[in-house]
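Protein sequence lines, in the order shown, are assigned to chains H and B. For the numbering used here, add 144 to where a residue sits in the first sequence, where the first one is 1. For the numbering used here, add 5 to where a residue sits in the second sequence, where the first one is 1.
Please note: incorrect hints may appear among the correct ones.
[Said to hold, decoys possible] Cross-link-like lysine-lysine pairs, in silico, DSS-like; alpha carbons within 30 angstroms at most:
#, chain 1, residue 1, chain 2, residue 2
1, H, Lys221, H, Lys196
2, H, Lys200, H, Lys221
3, H, Lys193, H, Lys212
4, H, Lys221, H, Lys193
5, H, Lys193, B, Lys18
6, H, Lys221, H, Lys204
7, H, Lys196, B, Lys62
8, B, Lys18, H, Lys212
[What the hints assert, rightly or not] Non-contacting residues of chain B with respect to chain H, defined by C-beta distances greater than 10 angstroms in every case (computed):
#, residue
9, Val24
10, His34
11, Ser38
12, Phe50
13, Ser56
14, Arg60
15, Asn61
16, Pro111
[What the hints assert, rightly or not] If we take Cβ atoms under 7 angstroms as the criterion, some of the chain B residues that face chain H in the derived model are:
#, residue
17, Gly45
18, Gly47
19, Leu48
20, Gly67
21, Phe74
22, Leu95
23, Thr106
If you are wondering where the hints come from, they were derived from the structure by calculation, not from laboratory data. Bear in mind that the values here come from a model prediction, so they are computed numbers and not experimental data. Using N, Cα and C, we set each Cβ at its ideal position, and we do this for glycine too.
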Amino acid sequence: GDSVTQMEGPVTLSEEAFLTINCTYTATGYPSLFWYVQYPGEGLQLLLKATKADDKGSNKGFEATYRKETTSFHLEKGSVQVSDSAVYFCALKAGGSYIPTFGRGTSLIVHP
Amino acid sequence: KAGVTQTPRYLIKTRGQQVTLSCSPISGHRSVSWYQQTPGQGLQFLFEYFSETQRNKGNFPGRFSGRQFSNSRSEMNVSTLELGDSALYLCASSLGRMEDTQYFGPGTRLTVL
Numbered sequence: 145g146d147s148v149t150q151m152e153g154p155v156t157l158s159e160e161a162f163l164t165i166n167c168t169y170t171a172t173g174y175p176s177l178f179w180y181v182q183y184p185g186e187g188l189q190l191l192l193k194a195t196k197a198d199d200k201g202s203n204k205g206f207e208a209t210y211r212k213e214t215t216s217f218h219l220e221k222g223s224v225q226v227s228d229s230a231v232y233f234c235a236l237k238a239g240g241s242y243i244p245t246f247g248r249g250t251s252l253i254v255h256p
Numbered sequence: 006k007a008g009v010t011q012t013p014r015y016l017i018k019t020r021g022q023q024v025t026l027s028c029s030p031i032s033g034h035r036s037v038s039w040y041q042q043t044p045g046q047g048l049q050f051l052f053e054y055f056s057e058t059q060r061n062k063g064n065f066p067g068r069f070s071g072r073q074f075s076n077s078r079s080e081m082n083v084s085t086l087e088l089g090d091s092a093l094y095l096c097a098s099s100l101g102r103m104e105d106t107q108y109f110g111p112g113t114r115l116t117v118l
């Protein structure tokens, strides 16, 4: 079946450091890929998405590129802020499915 | 445009009781999905409703049920609560087509004592 694998957290960084959170997937066909962010005490918010190979999703300084050859969708940000501290979820929605499949989430902690 | 709203935000129940959670989707959205989020299991899909019909179902026992009304609002019910049902219950809405993105509410934190 479809699955998403994210790197284990927590990821701890200093402010202004470079961020990478790895995400790889297994799916039939050509899924759409998503990153969601969950701030403490809140629900999930869509951060960015990509619907086909080589697409780059971007939002609020975060970027992720849909790499079909490596089945990956790694999340990156050039300079993190304390306010980016949250849990980040990678997800896919395979063709023919209404329901996304989520990874386990990666906690990011940014220190001043 | 108002987002997805969930009520109540917090709930404390005891084992054996039942509970009903409510979700109001974004205006115009016809699909509502429910998820259970726990530290141990992560985010698990419960069920999805579209136009008042359950269209998809996750792997949860029959104690978990839901329904959707004609205005797309949805309720989720858990009967005979167990300690393991303590979780954040998230509702998400979308237009309902396969290519649509889901938008999440803030969740209802259920604690079972």
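So, going through the hints one by one against the coordinates:
This hinted pair checks out: Lys221 of chain H and Lys196 of chain H have alpha carbons roughly 21 angstroms apart, not beyond 30 angstroms. Straight-line distance between C-alpha atoms of Lys200 of chain H and Lys221 of chain H comes to about 13 angstroms, which keeps the hinted pair within the 30 angstroms bound. Restraint check for Lys193 of chain H and Lys212 of chain H: the C-alpha separation of about 14 angstroms stays at or below 30 angstroms, so the hint holds. A C-alpha spacing of about 15 angstroms is found between Lys221 of chain H and Lys193 of chain H, which places the hinted pair at or below 30 angstroms, so the restraint holds.
Only pairs whose Cα atoms come within 30 angstroms are accepted, and Lys193 of chain H paired with Lys18 of chain B is rejected, the gap being roughly 38 angstroms. For the suggested pair Lys221 of chain H and Lys204 of chain H, the alpha carbons sit about 9 angstroms apart, so the restraint of at most 30 angstroms is met. Taken as a hint, the Lys196 of chain H and Lys62 of chain B pair is honoured in the structure, with Cα atoms around 27 angstroms apart against an allowance of 30 angstroms. A distance of roughly 46 angstroms separates the Cα atoms of Lys18 of chain B and Lys212 of chain H; the hinted pair therefore is violated under the 30 angstroms criterion.
Every beta carbon of chain H lies more than 10 angstroms from that of Val24 of chain B, the smallest distance being close to 18 angstroms; the non-interface claim holds. With a cut of 10 angstroms on Cβ distances, His34 of chain B stays outside the contact zone with chain H, its closest approach being about 13 angstroms. Annotated as non-interface, Ser38 of chain B brings its C-beta within 10 angstroms of a C-beta of chain H; the closest such distance is 7 angstroms. Consistency note on Phe50 of chain B: stated as away from chain H, yet its beta-carbon is not over 10 angstroms from all of that chain's, at 6 angstroms minimum.
The Cβ of Ser56 of chain B sits about 12 angstroms from the closest Cβ of chain H, beyond the 10 angstroms cut-off, so the non-interface label holds. A Cβ of chain H approaches the Cβ of Arg60 of chain B within 10 angstroms, the least distance being about 7 angstroms, so the stated non-interface status is violated. Against chain H, the non-interface label of Asn61 of chain B is violated: not every CB pair exceeds 10 angstroms, the least being about 5 angstroms. Its beta-carbon lying about 5 angstroms from the closest one in chain H, Pro111 of chain B breaks the requirement of being farther than 10 angstroms from that chain.
With a cut of 7 angstroms, the hint placing Gly45 of chain B at the interface with chain H is violated, because the nearest CB-to-CB distance is about 10 angstroms. This hint holds: Gly47 of chain B has a C-beta 5 angstroms from the nearest C-beta of chain H, less than the 7 angstroms allowed. Against a cut-off of 7 angstroms between C-beta atoms, the interface hint on Leu48 of chain B holds, since the closest Cβ of chain H lies about 5 angstroms away. At a threshold of 7 angstroms, the smallest CB-CB gap from Gly67 of chain B to chain H is about 20 angstroms, leaving the interface hint violated.
With its C-beta approaching chain H no nearer than about 19 angstroms, Phe74 of chain B sits outside the 7 angstroms limit, and its interface hint is violated. Checking Leu95 of chain B against chain H: minimum C-beta separation of about 5 angstroms stays under 7 angstroms; hint holds. For Thr106 of chain B, the suggested interface contact is upheld, since its CB lies about 6 angstroms from the closest CB of chain H, less than 7 angstroms.
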